[in-house]
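Undergrad: Line by line, the protein sequences give chains L and X.
Numbers in this note's numbering are just positions in the first sequence, counted from 1, shifted up by 31.
Numbers in this note's numbering are just positions in the second sequence, counted from 1, shifted up by 81.
You may find that some hints are simply not true.
Subject to a maximum C-alpha distance of 20 Å in a straight line, what follows is the list of computed SDA-like cross-link-like pairs (lysine to any residue) [claimed, not checked]:
id	chain 1	residue 1	chain 2	residue 2
1	L	K94	X	T104
2	X	K121	X	L82
3	L	K91	X	K149
4	X	K108	L	E90
5	L	K94	X	G85
Below, a sample of chain X positions facing chain L; criterion: calculated Cβ distance under 8 Å [claimed, not checked]:
id	residue
6	G85
7	S88
8	G91
9	M92
10	T93
11	C94
12	C97
13	N99
14	Q102
15	E120
16	M144
17	F146
Derived from the structure by calculation, the hints contain no laboratory data.
Beta carbons are placed, not taken as given, at the ideal position from N, Cα and C, and that holds for glycine.
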Amino acid sequence: MPQTHTFEMGMTCGSCANAARRVLEKMGEGITIDSIDVPTKRIVVTTEKSAEEVKTQLEKTGKAVSGVRITHIESH
Amino acid sequence: LHQGKVSVEGMTCMSCVNHIQDTIGAKEGILNCTVSLQEKTATVIFDGSLWNGESVAEAIDDMGFESKLIS
Ligand SMILES: [Cu+2]
Ligand SMILES: [Cu+2]
């Protein structure tokens with residue numbers, strides 16, 4: 032079951048956000064980017080992959096990544 | 082020592098420039114990395130036994146900035 036994860040990443044401008052988007056897209060299928068927001072530094076993704084795996088990928092941008100939170104999606 | 086020049090797409094400000102210079106410049110075998118926001122390039126001086134132009138471009142590309150070897 033896919034889970035929604037929230038990360039906090041040290042983004043300062045639009046190209047930080049683009050860099051985050053690009054590295055996430057390199058993970059291929061199985062990950063959906065819900066939102067990337069520079070002012071709040073929050074990145075939300077929904078994926079079957081582990082939070083650690085996503086965090087490691089985001090860290091490739093060289094930015095600090097923290098604040099992992101997992102939100103289980105309720106099935107209706 | 083070798084020098085390579087690569088393209089860097091997607092930078093918008095000096096913090097992107099500094100960020101790439103610091104991250105790439107801190108890697109083992111990279112002696113210097115100078116990024117130009119205006120030219121959209123990075124000029125990198127590296128130890129040829131650890132790096133080549135392609136792998137430098139790949140390292141920058143992995144940071145989320147599209148990068149290709151120029152020379
Ligand atoms: Cu930025
Ligand atoms: Cu920037």
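Undergrad: Run every hint past the structure and note whether it holds.
TA: Hints versus structure:
no., hint, in the structure
1, L/K94 <-> X/T104, "holds (9 Å)"
2, X/K121 <-> X/L82, "violated (23 Å)"
3, L/K91 <-> X/K149, "holds (18 Å)"
4, X/K108 <-> L/E90, "holds (15 Å)"
5, L/K94 <-> X/G85, "violated (25 Å)"
6, G85, "violated (19 Å)"
7, S88, "violated (15 Å)"
8, G91, "holds (5 Å)"
9, M92, "holds (6 Å)"
10, T93, "holds (4 Å)"
11, C94, "holds (5 Å)"
12, C97, "holds (5 Å)"
13, N99, "violated (10 Å)"
14, Q102, "violated (11 Å)"
15, E120, "violated (16 Å)"
16, M144, "holds (5 Å)"
17, F146, "holds (6 Å)"
This entry does not satisfy hints 2, 5, 6, 7, 13, 14, 15, going by the numbered hints stated previously.
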